[in-house]
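J.: For reference, the chains in residue letters:
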Amino acid sequence: MTAYRPDLALRRLLDALEVELIQASDEEIRAAAAETGMSAKALLAEAGILTAPKTASPLEGEVGDAEHRRVGGMPQPSRRQRRDGDSTPHPDLRSDLPLKGGGV
Amino acid sequence: MQPKRRITQDDEDSTAEIARALAALSEADLLRLKAIARLRARDLPRDVGWSDLLNEAVARALDGARQCPPGVGIVAFLAGIMRSIASEHWCRLRREAGIFTLSDGEGEADPAPDPERTLAALQALAMLDQLFTGDLAASQVLAGLGGGLSAREIREMYGLSEKDYDSTRKRMRRLLLKHGIAWRFR
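First to last, the protein sequences are chains Y and U.
Just so you know, the first sequence maps onto residues 1 to 104 in the numbering used here.
Just so you know, the second sequence maps onto residues 1 to 186 in the numbering used here.
Bear in mind the hints are in silico, worked out from the structure with no lab data behind them.
Just so you know, not all the hints are guaranteed correct.
What the hints assert, rightly or not - Chain U regions said to be covered by chain Y (calculated; three or more residues, Cβ under 8 Å):
{"hint": "1", "region": "38-49"}
{"hint": "2", "region": "74-80"}
{"hint": "3", "region": "122-134"}
{"hint": "4", "region": "141-151"}
As the list claims (entries may be wrong) - Quick look at which bits of chain Y chain U covers, simulated, 3 or more residues with Cβ under 8 Å:
{"hint": "5", "region": "5-12"}
{"hint": "6", "region": "21-29"}
These numbers were taken from a predicted model, which means no experiment stands behind them.
Glycine residues also receive a C-beta, built at the ideal position from the N, C-alpha and C atoms.
Next up, chain Y with everything else stripped away, as it sits in the complex (with noise of 0.2 Å):
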């Protein structure tokens, strides 16, 4: 007899619903963001989500390459650049995305 294990049974559920939140249409997204009655803008920038500089997280320190991270909101200088003795830092390419300076 095999002994029930949680954690693969929550790992099998989540992939499988993982996929069905991936395959999801836009359609039903907005119709689940209008239910909410907020902004998809404000929903995302409430964690500050792609936009906040990175304060340390709980998950900080399990990658390796973590000499790659931003500091105090500026990127560190990309490989290439220090590779080529540039280590001024460079604006941030999240900066650009769809949520800068998201809000309510």
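For chain Y, the structure is supplied; the task is to place chain U on it using the hints.
T.: Chain U in isolation, oriented as in the chain Y frame:
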């Protein structure tokens, strides 16, 4: 620790491509990502939020540590990274807690979980159950998916027609989206 490898022009191009794809994400896709991150964060300890997970996935994608396979959309790519992060998180906690099994590091994907992992999984499963309380068919589909059954097996086990199954999935998707988008905590 992953071995260092030489950075190539392809890596740089790939990172630029990811940045362009992120910048071009539609609002619907951003909300989709939020819902996915919310869902996946259920597989993490409570001190790890969905925004931590999503931000980490974006950082890794831009970092070039992960290459987007040809033909895979940016949303599916980020979802895959989030899945990996969640898995790595538990492995790291196991290492830090000094929990080792003979199979650790020898390629076994599913070593026996530690109590914290088991508790977190049980809580997440209970939360998902609660979400679909009152919808018997959804609860059945949920149980089937958790048991690793295929759609056909779930339909056969619970006597659901194809139409019932599809409409149940649609209801589940709608509820997941609504809650995934609107939940304002964690």
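J.: Hints numbered earlier in the text: which of these fail when held up against the supplied structure?
T.: As far as the earlier hints go, not one is violated by this structure.
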